[in-house]
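Undergrad: Both chains are given apart, each in its own frame, so use the hints to dock them into the complex.
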Amino acid sequence: MKIELLLFAQLRDAFGAGSVTLEVEAGATVSVAAAAAFASLADQRYEKLPVRFAVGESFVDDDFVLREGDTLALIPPVSGG
Amino acid sequence: MSDNPSPRVRFTEEPIEIPADVGTADTTGRADAANGAVVTFSGVVRNRNDGRDVLGIFYECYREMATQEATRLIAEIEGEFPVRVDRMAHRVGELLPGDVSLVVVIRSAHRRAAFDAMSTFVDRFKDRVPVWKKERYADDTASWL
Chain G
1 MKIELLLFAQ
11 LRDAFGAGSV
21 TLEVEAGATV
31 SVAAAAAFAS
41 LADQRYEKLP
51 VRFAVGESFV
61 DDDFVLREGD
71 TLALIPPVSG
81 G
Chain F
1 MSDNPSPRVR
11 FTEEPIEIPA
21 DVGTADTTGR
31 ADAANGAVVT
41 FSGVVRNRND
51 GRDVLGIFYE
61 CYREMATQEA
71 TRLIAEIEGE
81 FPVRVDRMAH
91 RVGELLPGDV
101 SLVVVIRSAH
111 RRAAFDAMST
121 FVDRFKDRVP
131 VWKKERYADD
141 TASWL
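Residue numbers (this note's numbering), protein chains in the order written: chain G, 1 to 81; chain F, 1 to 145.
Read the hints as simulated data drawn from the structure, not as lab findings.
Values in this document were obtained by computation on a predicted structure and should not be read as measured data.
For each residue, glycine too, the CB sits at the ideal point set by N, CA and C.
Don't take each hint at face value.
Subject to a maximum C-alpha distance of 27 angstroms in a straight line, what follows is the list of computed DSSO-like cross-link-like pairs (lysine-lysine) [what the hints assert, rightly or not]: (1) G:Lys48 to F:Lys134; (2) G:Lys48 to F:Lys126; (3) G:Lys2 to G:Lys48.
Computed from the model, here is a short list of chain F residues facing chain G with C-beta under 10 angstroms [to be verified]: (4) Gly43; (5) Cys61; (6) Ser101; (7) Leu102; (8) Phe125; (9) Lys126; (10) Arg128; (11) Val129; (12) Val131; (13) Trp132; (14) Lys134; (15) Trp144.
Examples of chain G residues toward chain F, derived with CB under 7 angstroms [what the hints assert, rightly or not]: (16) Phe8; (17) Gln10; (18) Ile75; (19) Val78; (20) Gly81.
For reference, chain F alone in the conformation it holds in the complex (with noise of 0.2 angstroms):
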């Protein structure tokens, strides 16, 4: 399975970060001076869950609608706030607690905008974009959350 072309909307294998230059250039790799705020958000796995000790996570997703619905869900925020969402990434496979599943990246004018379109991305993504996650326990068992 490729990853999807697109910058913007990425479900890949590959550990995804934060980029250094994130303040300074957007996704074309241009300066963008025209938004006065950027809102990063990094989801990150946990070493407990429901009181007990997390070992790692395995995400799969359904690529081609995972795709789809994000980049539905990325002109709906757009339309309903003024932002422009940058990217997402979100990591499948095998994780470990401390990596990065979720990266997200929101630009406007203004910081309040942002913040509350961020919230309300983040939210919905994890209401309806088709993946999910097996957690693996320190006594050895595992379950789909």
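The shape of chain G in the complex, shown without the other chains (with noise of 0.2 angstroms):
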């Protein structure tokens, strides 16, 4: 199934989209989904950021199933303020 994420900040800047189509098997969870992303960057140090995740603009836990179509946010560390 397909999902859009979302990129922010420096994962903007290491993927070089604010947003990206992704197929991930039906059931993903985001964390899974998140990998799948990570895993297609060349620059593996991305993979250890402490990012949170997103849907329907509300965190939710890494465990989250998504669904065909949803939008899934990778939020890194914020620095607002």
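TA: Structure representation (structure tokens):
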């Protein structure tokens, strides 16, 4: 199934885009989807970033199960203020 | 991208500041005589960080979620403290040292609750509202913090 991945800050730079479409297995969790996305990067150091996940503009746990067409935001450590 | 129409939560490219009439008028412009304390917070871009000279900061946000998360945070703070979070605004885009990046205004009947609520609000904002900054340094480098 296809999901949309939203990317910000250093992850936007790493992926070279603010959003990408990702093909994942049906029933994939957000952490599985993120791992697949990170595996596509040449630079493996991003896998170690303490990324949080958001679906539908709310934070979700690592084991949240995605559905076709979901938008998953990868939230690197925030630094507002 | 347009700004959130709600006057209480804004993420904006435009300069932000504490309104001159903040002591006497709430976000609706009405006098607010029920609250005896108004605490304001301004976050300002520093010219040094971690021993390095900072030339500027680029702020970006996930605007839809930042607006929702800040709105949830306001409800949370108002549930935990006897206060009203009058408004908050965060700049996005390119800022220079001395520019105001964050403004928060909290009202309460008495000052202690407003001070405590402000401290908690800013701590939680910095922990979870999706805003990021990239600092530019005098040595021609830059990094996301």
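Undergrad: Now look at each hint and say whether the structure bears it out.
TA: Right, here's what the structure says about each hint:
no. : hint                : in the structure
1   : G:Lys48 to F:Lys134 : holds (19 angstroms)
2   : G:Lys48 to F:Lys126 : holds (21 angstroms)
3   : G:Lys2 to G:Lys48   : holds (25 angstroms)
4   : Gly43               : holds (5 angstroms)
5   : Cys61               : holds (7 angstroms)
6   : Ser101              : holds (7 angstroms)
7   : Leu102              : holds (5 angstroms)
8   : Phe125              : holds (6 angstroms)
9   : Lys126              : holds (4 angstroms)
10  : Arg128              : holds (6 angstroms)
11  : Val129              : holds (6 angstroms)
12  : Val131              : holds (3 angstroms)
13  : Trp132              : holds (4 angstroms)
14  : Lys134              : holds (7 angstroms)
15  : Trp144              : holds (4 angstroms)
16  : Phe8                : holds (6 angstroms)
17  : Gln10               : holds (4 angstroms)
18  : Ile75               : holds (5 angstroms)
19  : Val78               : holds (6 angstroms)
20  : Gly81               : holds (4 angstroms)
The structure is consistent with each of the numbered hints, conforming to all of them.
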